[in-house]
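Line by line, the protein sequences give chains A and B.
Residues 1 to 285 in the numbering used here are what the first sequence lists, from first letter to last.
Residues 1 to 400 in the numbering used here are what the second sequence lists, from first letter to last.
In case anyone wonders, no lab produced these hints; they're calculated from the structure.
From a predicted model like this one, the values you see are computed outputs, not experimental measurements.
Keep in mind that the hints are not guaranteed to be accurate.
27 Å max Cα-Cα, derived DSS-like pairs, lysine-lysine [unchecked claim]: (1) B/268 / A/132; (2) A/134 / B/226; (3) A/132 / B/138; (4) B/247 / B/180; (5) B/138 / A/134; (6) B/180 / B/138; (7) A/134 / B/180; (8) A/189 / A/169; (9) A/132 / B/169; (10) A/132 / B/180.
Residues of chain A clear of chain B, computed beta-carbon distances all greater than 10 Å [as the list claims (entries may be wrong)]: (11) 14; (12) 76; (13) 152; (14) 182; (15) 193.
All C-beta atoms, glycine included, are put in the ideal place defined by N, C-alpha and C.
Listed here are the chains, written in short residue letters.
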Amino acid sequence: MNFPSFNLLMQSILSGVFIGALYGLIGLGLGLTWGLLRQINLSHFGLVFLSAYLSYQMATAGHVDPLWALLILPPAFFLFGMLMQWTLSKFAITPFNSLLATFGLTVVLESIIQGIWTADFRRLESAYTSMKFKVFGLFVPVPELITFGLSVGIAVAIWAVMRYTDVGKALRAMAEDGPIAAAFGINQKALSLFLAGLCAALAAVAGVCLALTFTLAPSQIFAWVGVVFAAVMLGGLGSPLGPLVAGIIIGVSEAITMAVASPSWAPIVSFSLLIFMLLLRPGKG
Amino acid sequence: MKKIDRRSVLAATAAGAAMAVAPAVRAQPAPIRIGSTLALTGPLSATGLTHKLVGDIYIEQLNARGGLLGRKVEWICKDDQSKPDLARTLYEQLITADKVDLLMGPYATGAILSAMGVAQRYNKVLVHHTFGIPSLAKYDMHFPAWSLGPNPQVTVPNTLFDMLAASPKPPKTIAIVTSKFPSIHFLSLGGREIAKKRGLQEVLFLEWEFGNRDFGPIAARIKDSKPDLVWVGDIGLEGNMLLDAMKKIDYTPPMNFHLYPAPGPMSKSAEGRGALSLTIFEEHQPFVSNPVGAQFVKIFNERATQAKLADTSVETQAAASYTAWQILEVGIKGANSLDDKAIAGWIKANRIDTIHGRLRFDGPNNYGDDLMKIKQVQNGKWQVVWPTQFAAPGTRLQMK
């Protein structure tokens, strides 16, 4: 173990905050579907990558600024999410079965992506790619800052909606006890469609952010599953702010491990943290 | 007189035609069937598709030349999904159910090792493309197309350090950062040993798990250690991600060497400029002075463009793949037989001319010479810079 300079440590922590914000953004839609709809939607990762490839295509072929893609893709994905939920609602699907069904859908999405863009690596080059600025000796890359801003903004907005609006209260009531909520006049079907659409739209936003920062390959869909699941479980199912906070905790703990000890220890530290927190959290069991 | 109806005439005509065609059909010998798997899906598929394209081109050229031993050649290629365990099952199937005549190796090291076990069990020759750990290849009828020699952990670093020692500003300090991916890690550890023996001061040594996403802290530690040379034990996109992370903290390494980067993304990215790596073949003289190599480059460029591959150039993977088919073809013709032992005996006893040089298989574990060269990204293209006799015309090592 070595002791890094203050600047190195802070730069590493900043890097961890940024990657953690992306974990949180991807995990937000997954956690809401899991917690409120009782569906473990693995196809969320496929949708994130589909959105990333579409924003790559729009930027490369159509010269569309990736931030404009944020206005186009989420509404389209909202409709797709509703359609998917409408189809799934035709079957009495348990959470475990939803895991299998949406895993199959993820494989289909991966094949579609590979069929269109091949398995080769694709990189979205935009005006933001090389933008950065310096604050107190720390470099702040603009694409990561955009991701962080969107992640925090969306998580807080959804938290506020869930807490202060009738729709949010209805969603929480539905998750708590569906039949009782229905007895009070809550339209479960419509709310489920809305929530599934919202989560798919969140996947679209996360996809644009992913394309801004990372080189894409279809098979990388599954590389994000472990750490994002950890962020969702640590943050709490159905919690709007939890995955973001947990994602940042994981990102920062990994970054500090890399800066202070060995980068190869980073996954051990973050997953040990997950086990530790799950053991100690209140209300376990 | 008995009337002949239309149905009888048609039947008689059909029978006559069948009899006329039958000898011709019988005279056409059954094709030689060569079985293999490739990573057509999964994490290794970007490179797997290159091998598929090369195999298709080679079989087409081979059949246009008349095939092998007077028979056409058919290639049965299955998708191992980048999974070594599935590759093992599929090779068993190819031998026992599909009853192929011969085998060709899969991609990459893990799958090749699986296929080698099956080939050994059934005494089949296995020529393979890019196997990364020669010391693990114990089977006496395997033949590597990637000429990295029996001890690349010694010879590869020496080639790099020889070049740098001959440069105007040899490095004095080195940072070694490496993935723990098996075929990468052992080469980086070799590089570490050789660097020490040659008097380079190690200012940083870091390892990361394959699949790491956040390269920011690693980039910051490299910047802090101020090395003259960064040895990056990377595979696929890891090198690009690290250079990206360095750029974000406004750092450009004085010299950076990468083991197995994704060649297209590295050469096309701005931060890849000046990056060094390894190769056995690039699309320039003297490699394309060989007419077979030149023709292959031309066809591959066309087909890769049609297949919408982002990187359409021929480098190590495509060249090793073509070489593997060349070895098998020459082995069969030399032995004048499909008998695996006869083919293996002939390959081992002879030297084979391929698009990336003359290969031999009589060394430890059937490895011959290390023919690896050092290449550098110059003007958005990979160009060989060392050894100088293989350097692209008018090209030499560029220092930052």
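Here is how each hint holds up against the structure:
no., hint, result
1, B/268 / A/132, "holds, 21 Å"
2, A/134 / B/226, "holds, 20 Å"
3, A/132 / B/138, "violated, 51 Å"
4, B/247 / B/180, "holds, 23 Å"
5, B/138 / A/134, "violated, 54 Å"
6, B/180 / B/138, "holds, 23 Å"
7, A/134 / B/180, "violated, 33 Å"
8, A/189 / A/169, "holds, 15 Å"
9, A/132 / B/169, "violated, 31 Å"
10, A/132 / B/180, "violated, 31 Å"
11, 14, "violated, 8 Å"
12, 76, "holds, 24 Å"
13, 152, "holds, 19 Å"
14, 182, "holds, 42 Å"
15, 193, "holds, 33 Å"
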